[in-house]
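Undergrad: Listed below are the residues making up each chain.
There are 2 protein chains.
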Amino acid sequence: IDCSLNGVSHICLVKHVGVSLLGSDHSTVIIPGSSFFMSVSQSTAPNNSPKLMDLLDDTVPGIGTYEDFNTIDWVREKSKDRDRHREITNKSKQSTVALLFSISDAFSGWLLMLLIGLMSGALAGGIDIAAHWMTDLKEGVCLNGLWFNHEHCCWASNETTFQERDKCPQWKSWAELMVGVSEGPGLYVVNYFMYMCWALLFAFLAVILVRAFAPYACGSGIPEIKTVLSGFIIRGYLGKWTLIIKTITLVLAVSSGLSLGKEGPLVHVACCCANILCHFFTKYRRNEAKRREVLSAASAVGVSVAFGAPIGGVLFSLEEVSYYFPLKTLWRSFFAALVAAFTLRSINPFGNSRLVLFYVEFHTPWHLLELIPFVLLGIFGGLWGAFFIRANIAWCRLRKNTCLGHYPVLEVVVVTLLTAFLAFPIEYTRMSSSELISELFNDCGLLDSSKLCGYTSNSGSASGSVNATAANGLGARLAGPDLYTAMWQLALALLFIPSMAVGAIAGRLLGVCMEQLAIRHHERDIFRGWCSPGADCITPGLYAMVGAAACLGGVTRMTVSLVVIMFELTGGLEYIVPLMAAAMTSKWVADALGRESIYEAHIRLNGYPFLEAKEEFRHKTLATDVMRPRRGDPLLSVLTESGMTVEEVERLIADTTYSGFPVVISQQSPRLVGFVLRRDLVISLENARRNQEGVVSMSPILFTECDPPMSPSAPPAVKLRSILDLSPFTVTVHTPMEIVVDIFRKLGLRQCLVIQNGRLLGIITKKDILKHMAQMANRDPDSILFN
Amino acid sequence: IDCSLNGVSHICLVKHVGVSLLGSDHSTVIIPGSSFFMSVSQSTAPNNSPKLMDLLDDTVPGIGTYEDFNTIDWVREKSKDRDRHREITNKSKQSTVALLFSISDAFSGWLLMLLIGLMSGALAGGIDIAAHWMTDLKEGVCLNGLWFNHEHCCWASNETTFQERDKCPQWKSWAELMVGVSEGPGLYVVNYFMYMCWALLFAFLAVILVRAFAPYACGSGIPEIKTVLSGFIIRGYLGKWTLIIKTITLVLAVSSGLSLGKEGPLVHVACCCANILCHFFTKYRRNEAKRREVLSAASAVGVSVAFGAPIGGVLFSLEEVSYYFPLKTLWRSFFAALVAAFTLRSINPFGNSRLVLFYVEFHTPWHLLELIPFVLLGIFGGLWGAFFIRANIAWCRLRKNTCLGHYPVLEVVVVTLLTAFLAFPIEYTRMSSSELISELFNDCGLLDSSKLCGYTSNSGSASGSVNATAANGLGARLAGPDLYTAMWQLALALLFIPSMAVGAIAGRLLGVCMEQLAIRHHERDIFRGWCSPGADCITPGLYAMVGAAACLGGVTRMTVSLVVIMFELTGGLEYIVPLMAAAMTSKWVADALGRESIYEAHIRLNGYPFLEAKEEFRHKTLATDVMRPRRGDPLLSVLTESGMTVEEVERLIADTTYSGFPVVISQQSPRLVGFVLRRDLVISLENARRNQEGVVSMSPILFTECDPPMSPSAPPAVKLRSILDLSPFTVTVHTPMEIVVDIFRKLGLRQCLVIQNGRLLGIITKKDILKHMAQMANRDPDSILFN
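Protein sequence lines correspond, in order, to chains A and B. Position 471, counted from 1, in the first sequence is what the numbering used here calls 593; the numbers after and before it change by one each time, with no gaps. Position 422, counted from 1, in the second sequence is what the numbering used here calls 544; the numbers after and before it change by one each time, with no gaps.
Take these hints with a grain of salt, some might be off.
Pairs count within a copy or across copies, as identical chains cannot be separated in the list.
As the list claims (entries may be wrong) - Derived pair list, reagent style EDC-like, types lysine to aspartate or glutamate, alpha-carbon separation capped at 16 angstroms:
hint: 1; residue 1: Lys412; residue 2: Asp227
hint: 2; residue 1: Lys742; residue 2: Asp205
hint: 3; residue 1: Lys450; residue 2: Glu737
hint: 4; residue 1: Lys841; residue 2: Asp829
hint: 5; residue 1: Lys294; residue 2: Glu273
hint: 6; residue 1: Lys742; residue 2: Glu209
hint: 7; residue 1: Lys841; residue 2: Glu772
hint: 8; residue 1: Lys450; residue 2: Glu738
Keep in mind the hints are simulated off the structure, nothing from the lab. None of these values were measured; they are calculated from a predicted model.
Throw the hints in and build the complete structure from the sequences for me.
TA: Pasting the structure below:
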């Protein structure tokens with residue numbers, strides 16, 4: 123899933139949009155781009171929907187919405203949804219239309235899921251077909267029709283045999299077409315050149331498109347989606363331009379040969395679909411919490427189509443991506459994931475009636491002793507994962523801190539050229555990484571023409587020294603020269619391809635070694651009973667799969683979902699144990715070298731406000747150590763429930779940058795009354811100044827329930843109790859931070875007030891907690907950028 | 123899973139142990155029984171473990187523990203665990219021994235899971251083998267060896283052919299053995315009589331064992347386990363006597379022919395194993411929250427061995443049973459479930475190398491139009507589920523409210539006799555319900571001797587009217603007379619067997635009807651393309667499976683886990699869509715007729731304090747409407763942080779039954795300082811009276827940090843700040859109840875204090891919330907019995 127990161131991230135232009143908005147030098151790149159987004163997450167958009175949907179319109183527009191790069195208040199959003207639901211239920215008893223509306227409202231979630239499944243499945247199918255065609259385009263073209271890829275071209279031809287199904291006269295390599303040669307070094311050089319040209323063209327197009335239209339379309343997307351799901355707002359990140367550009371550039375990037383997986387981007391694409399479709403359902407358009415439920419389901423859909431594993435996708439969403447995942451969502455996610463999987467299958471992009479290119483069926487059982495190489499693969503995967511994360515983060519940091527970040531197009535072009543130059547000579551790097559993985563997972567049949575199946579029986583050359591073994595009936599599986607060539611090429615290919623393929627290659631290599639070992643020493647005690655004539659001793663394809671799982675696990679730290687995804691690929695409980703052993707070892711090894719997965723590392727690199735639910739807060743600090751104001755700081759900025767004027771409040775707003783203010787009884791008796799958000803306050807005051815008669819700077823502001831007695835000559839009061847949150851969350855100064863962190867995580871808070879013996883003493887925001895956590899882990903607390 | 127409920131509940135003697143402890147007339151039954159339990163959940167047990175484990179011994183024994191039938195404080199338990207972890211981590215830096223201990227502590231969770239998996243898998247295997255043997259014992263005995271069941275007996279014999287593999291001379295029915303007859307009505311009558319005798323004996327033994335040794339061993343167990351997992355304490359419910367008796371009686375009850383499933387009981391057995399094994403690990407023995415993590419995993423293990431579906435088991439635990447299910451537990455549950463599944467498979471109780479008796483492989487794809495019968499099955503399942511829950515609850519209520527409850531042994535005996543009397547004549551009710559389900563799910567092969575496969579080709583009799591069809595190559599699947607007989611018998615069997623079998627029968631019947639319809643009208647447009655010569659038109663076994671899923675879904679309201687369990691049984695994504703359609707319809711239909719699943723209905727019937735996480739609280743009440751004291755009630759009983767004497771506090775304790783008291787600054791200024799639990803207070807006061815010198819009734823009690831000035835002649839103060847919870851959870855009077863309920867659920871609170879403008883006004887306990895919810899749903903609030 124993360125494989126995407128080492129490739130697509132080259133295409134990243136402006137990863138740090140947030141930073142630039144906060145005043146970095148990138149801002150020129152951003153501002154023009156962001157006008158394209160036409161964000162669908164703008165709850166403030168004018169409301170054109172029918173009357174019935176306006177049940178809960180706010181009196182003052184804008185109240186209850188959020189600014190960009192801010193965190194939502196889950197409690198408020200969920201309350202809003204419950205209010206809406208209550209109102210609809212009450213109305214439904216009054217008229218038939220309202221009843222019908224209430225029913226359609228109840229089922230709209232399912233309809234939405236259906237649409238997301240259909241749309242994502244169709245897009246994934248389209249991407250697969252297009253990428254396949256364009257990958258082949260780098261090598262040649264079909265004379266029967268430009269739109270055929272290599273395989274389809276030769277299917278249509280009658281002149282091929284099954285053995286040579288990849289060779290047919292209709293398919294012309296560029297050299298044959300342009301120069302006319304069909305043999306010799308000239309052909310090779312021309313093809314090499316054309317291959318690089320096409321790769322360069324695709325990569326250049328991709329980077330230009332992203333740069334011009336949708337800077338958010340860069341990167342894997344999963345770190346940002348995790349952050350969005352935890353309640354952060356990045357307008358446009360899941361908008362329609364991002365969707366269009368991401369889809370096109372994904373095809374281009376895959377075809378250009380950049381080493382990346384399409385799993386991360388497919389999750390992003392599915393989330394974009396979901397976000398766009400939410401626009402058509404008031405229930406989801408106007409509620410940030412409900413929308414995030416849908417996005418959680420969409421991330422399950424993304425994995426479902428990437429791996430053809432609906433159950434694994436749901437577990438991935440649950441384990442890895444989601445923050446708020448009620449059980450209702452689990453069921454709906456599963457539905458959407460299934461719809462997507464079946465849509466993709468009916469499109470049948472791989473021509474094998476399967477959801478994925480690398481569906482496998484193994485037949486040979488594994489032996490208990492084989493757990494040793496499986497655990498070794500797990501260790502390899504863990505080491506590789508830890509190494510990959512460090513290297514990736516170091517590269518990103520380099521790009522961020524040096525002038526490298528100023529030449530993204532150049533970077534992509536250079537990397538593409540280098541990749542293409544190195545990839546062409548080796549067969550295994552020339553093919554796309556999913557084809558490679560498919561070939562590695564494959565169990566060798568009798569008719570297999572792949573070099574990886576170059577056993578003596580297939581290649582026809584029996585070595586003299588092994589005649590005894592061959593007579594034994596086992597010789598058929600002895601390695602032939604083709605297999606040796608394949609193994610050297612694979613070992614070379616190990617050097618520059620994404621995680622899953624690295625793991626698969628390492629696994630296959632180890633598997634073939636084990637196989638040859640078992641065959642050559644089949645009479646030894648430890649291998650006794652492994653080999654029987656006519657059957658395979660061991661399955662090198664299984665090793666490839668275990669290796670792939672181990673490396674993927676090391677990078678992403680997935681556990682259950684990883685094993686379930688692989689289980690869905692093989693379809694047999696039989697092979698779960700090797701996968702589990704490898705995944706477990708890999709996670710332990712990688713965790714010992716660094717706690718963070720690649721996603722978390724990127725979240726931290728980018729300073730997103732993400733409160734990790736998995737890792738427990740282990741320090742013994744108290745709320746009083748974290749709250750603001752600290753000892754020695756000026757007092758907490760509070761409002762009083764009466765006695766302040768419009769001018770005073772406006773000055774307070776102008777002087778501070780806090781996103782909300784506690785309201786107390788009086789400065790002398792700081793007993794908490796409620797909490798008011800800055801944005802709501804600003805909007806209400808502007809609204810009062812504009813629309814309420816007689817409001818002047820000296821008008822008093824009242825948060826009280828009943829009006830205090832006032833002289834008739836005084837200006838009219840601005841009553842703001844309606845925007846006051848009367849039930850802010852509070853903790854005491856003695857509350858351990860571990861409990862505070864738990865409350866923030868589980869309830870999705872933005873802030874929490876700190877009380878001692880009934881007196882308000884301070885405030886803790888999510889940002890304060892994240893800064894505190896960074897500090898306790900000896901990291902720079904200023905890396906947390908957002909609220 | 124719930125099938126257990128309609129059978130095993132007959133064996134229930136004292137379902138309402140809690141009630142009886144609260145003063146019902148059952149108490150004579152309970153008190154002797156409870157002395158057997160040797161509960162492992164007694165955290166107060168003397169601590170014999172090595173010194174290193176005593177890191178966090180409490181100063182006063184008993185502080186921080188709970189009474190029976192009380193709810194734990196999740197926040198406190200989790201804090202305790204974090205403190206323990208912190209201490210171990212700190213110590214591990216000091217010495218190598220401590221480092222090794224810290225590592226072993228970290229891995230103890232995995233070791234525990236391994237042991238639970240092994241033990242549960244082995245027990246499940248033993249239960250399967252024993253039940254199989256004893257079921258056959260009702261019909262006859264093997265002369266080669268008493269310990270062979272029917273199948274094994276005839277395997278050992280050489281004289282049987284494959285076609286008649288159930289008939290061999292070594293296997294003697296009771297009539298043959300006792301009377302000597304081998305033909306005629308005499309044989310039938312004697313066998314009938316012996317069948318009933320054995321059934322009666324088994325049932326009587328089961329009921330007596332439960333009655334004498336472990337009253338908690340009765341019933342399905344899942345409602346109680348759900349309640350325990352949500353934080354309730356029922357000592358002995360998961361103890362070793364319960365385990366032993368439950369295992370034995372499960373075998374007896376299944377063999378006696380009582381219609382029940384073993385899924386619920388297997389979950390209970392696995393949880394008992396887990397609880398007993400926890401005893402060996404300090405980390406889990408002494409922490410109620412950590413223990414519940416392990417129990418969650420154990421319930422996954424139970425389902426894993428019951429259905430042979432490890433992934434489904436984990437999802438079942440997540441969806442249906444668990445309350446607190448962190449992601450770490452997900453991974454460990456999966457591990458334990460896998461270990462258990464493979465242990466069971468290596469025992470191989472069914473002789474088919476499969477985990478379950480009803481593993482199936484289908485070969486024919488389904489047609490889109492078949493979704494109509496599948497949805498019909500879903501509707502049937504939903505209706506049946508709703509009906510079953512009502513009937514079951516009505517019966518339990520009857521037993522509770524009338525004299526029926528006084529004669530449990532008689533009830534079981536009568537029901538057993540009636541079941542056996544009705545079951546013997548029909549082949550499908552005579553066999554055990556898992557064998558029946560296995561037969562119903564089965565796809566008919568060519569050599570199948572089952573009557574359900576009595577097609578014309580198999581039975582040999584071709585009807586004349588269908589010659590044309592037969593010539594067409596389709597005749598082989600036309601129904602023969604055997605199949606018709608089987609269908610009538612199945613229709614009769616529908617009347618009195620558990621959910622899953624009811625669904626399977628209904629499904630099979632519908633499936634055969636559809637099949638015959640399709641064959642006889644294969645030339646019609648709608649059936650065109652369904653039938654091709656030499657292949658099946660449709661798979662009646664799939665209908666049976668869909669029906670089983672629908673009925674199970676209607677009763678338990680499982681969704682994802684149900685579909686995944688069935689998916690693991692079939693092993694193909696292909697058939698997920700029919701299962702999903704049926705499960706979805708079934709849930710919708712059943713939900714429309716009553717919101718509660720059978721488990722929730724039983725939890726409510728028994729008055730357990732269970733706060734359902736799935737259903738949202740939809741009412742618009744505020745904290746002030748729920749808190750105690752209500753308007754007009756006497757004031758809230760509070761302690762003051764200083765100024766009270768030992769005598770005053772003891773009088774307050776004696777006068778009230780509250781399980782805790784808020785501590786305020788003074789009666790005049792009720793500003794909250796903290797909260798102290800009744801149990802801790804009582805233990806501390808007793809301890810002070812006993813061990814602290816000079817403590818008399820007039821000694822002041824201090825909760826303050828620093829001592830107030832006191833005259834030297836005054837008696838020494840009892841300082842209790844250490845037992846004071848300085849960070850009690852608070853809400854304001856304006857907090858909507860929906861948010862309060864959310865906080866209680868997500869944080870696992872016992873109580874919460876209500877504040878207005880810094881002044882303590884009241885308290886809300888879990889029981890108050892449950893009573894309030896009962897009231898809002900027009901139920902009797904006094905049905906909530908526990909705290």
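Undergrad: Hint by hint, say whether it matches the structure.
TA: Verification of the supplied hints:
1. Lys412 x Asp227: within (13 angstroms within a copy, 41 angstroms between copies)
2. Lys742 x Asp205: between (39 angstroms within a copy, 8 angstroms between copies)
3. Lys450 x Glu737: Intra 25 angstroms, inter 10 angstroms, cutoff 16 angstroms: inter-copy only.
4. Lys841 x Asp829: within (9 angstroms within a copy, 46 angstroms between copies)
5. Lys294 x Glu273: within (12 angstroms within a copy, 65 angstroms between copies)
6. Lys742 x Glu209: The answer is between: 11 angstroms across copies meets 16 angstroms, while 45 angstroms in one copy does not.
7. Lys841 x Glu772: Within one copy only: 15 angstroms inside, 49 angstroms across.
8. Lys450 x Glu738: between (26 angstroms within a copy, 11 angstroms between copies)
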